[in-house]
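Given these sequences and hints, build the entire structure.
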Amino acid sequence: DVKVTQSSRYLVKRTGEKVFLECVQDMDHENMFWYRQDPGLGLRLIYFSYDVKMKEKGDIPEGYSVSREKKERFSLILESASTNQTSMYLCASSSFWGPSASSYNEQFFGPGTRLTVL
Amino acid sequence: DAKTTQPPSMDCAEGRAANLPCNHSTISGNEYVYWYRQIHSQGPQYIIHGLKNNETNEMASLIITEDRKSSTLILPHATLRDTAVYYCIVRVASYGQNFVFGPGTRLSVLP
Chain A
1 DVKVTQSSRY LVKRTGEKVF LECVQDMDHE NMFWYRQDPG LGLRLIYFSY DVKMKEKGDI
61 PEGYSVSREK KERFSLILES ASTNQTSMYL CASSSFWGPS ASSYNEQFFG PGTRLTVL
Chain B
1 DAKTTQPPSM DCAEGRAANL PCNHSTISGN EYVYWYRQIH SQGPQYIIHG LKNNETNEMA
61 SLIITEDRKS STLILPHATL RDTAVYYCIV RVASYGQNFV FGPGTRLSVL P
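Each protein sequence line maps, in turn, to chains A and B. Under the numbering used here, think of the first position of the first sequence as 1, with each following residue one higher. Under the numbering used here, think of the first position of the second sequence as 1, with each following residue one higher.
No lab work stands behind these hints, which were simulated from the structure alone. Virtual Cβ for every residue (Gly too), placed ideally from N, Cα, C.
Incomplete in silico selection of chain A near chain B, CB under 10 Å:
1) Gln6
2) Arg9
3) Phe33
4) Leu41
5) Leu43
6) Arg44
7) Cys91
8) Gln107
9) Phe109
Below 30 Å or equal to it, Euclidean Cα-Cα: the simulated DSSO-like pairs (lysine-lysine) are:
10) A:Lys55 with B:Lys3
11) B:Lys3 with A:Lys57
12) A:Lys71 with A:Lys57
13) A:Lys18 with A:Lys57
14) A:Lys55 with A:Lys18
15) A:Lys13 with A:Lys70
Pulled from the structure, derived: some chain A residues nowhere near chain B, Cβ distances all over 10 Å:
16) Thr15
17) Ser67
18) Glu69
Here it is as structure tokens:
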């Protein structure tokens with residue numbers, strides 16, 4: 001069974017703390033993604049990565065950074081957590097897009113980490 | 001990527017077909033329609049996708065109108081476990097595959 005795991009289901013941190021959210025996939029996927037989910041706003045992409053050591057900004061990268069040192073692991077870092085970063089964080093992975101326009105590689109999501117910043 | 005419009009919520013009786021509509025009137029020729037769902041406390045799960053033709057898999061059917069301005073996801077025999085938020089996403093098929101998930105439709109399957 002394919003799996004995307006996230007280091008914590010629930011996390012409580014204080015304002016100003018450095019926070020690491022870890023995501024690991026066991027499917028040898030090239031692509032990995034970090035989203036945050038807030039009520040009424042749906043899922044918003046923070047960062048994604050096509051390959052080891054590669055990263056691309058998503059729609060809301062401010063206040064976040066990422067690290068991809070190994071193919072299976074993609075970390076989201078909050079350098080100095082703030083209360084407006086209280087949210088559900090979802091990691092996803094997918095295999096590399098093939099040349100055929102009819103092919104599609106679905107995104108597999110982890111269970112999410114509910115982060116509360118006090 | 002084209003924007004989509006979905007009703008915020010729908011109810012469906014258990015065992016009946018659930019028909020979830022999605023409007024995407026600004027869709028362009030190279031954009032696909034994707035459906036995901038999110039059951040409470042879980043990450044989103046892929047359901048189905050299509051370009052022009054109707055598609056069917058073990059989970060659902062996708063009906064796309066001829067002008068491609070709207071589509072309908074059909075769950076043929078809804079069960080209580082199908083209660084979830086359903087997301088319709090329209091985007092080009094391209095490298096990276098990042099998606100924009102809107103608010104979706106909250107489907108409640110009632111016993």
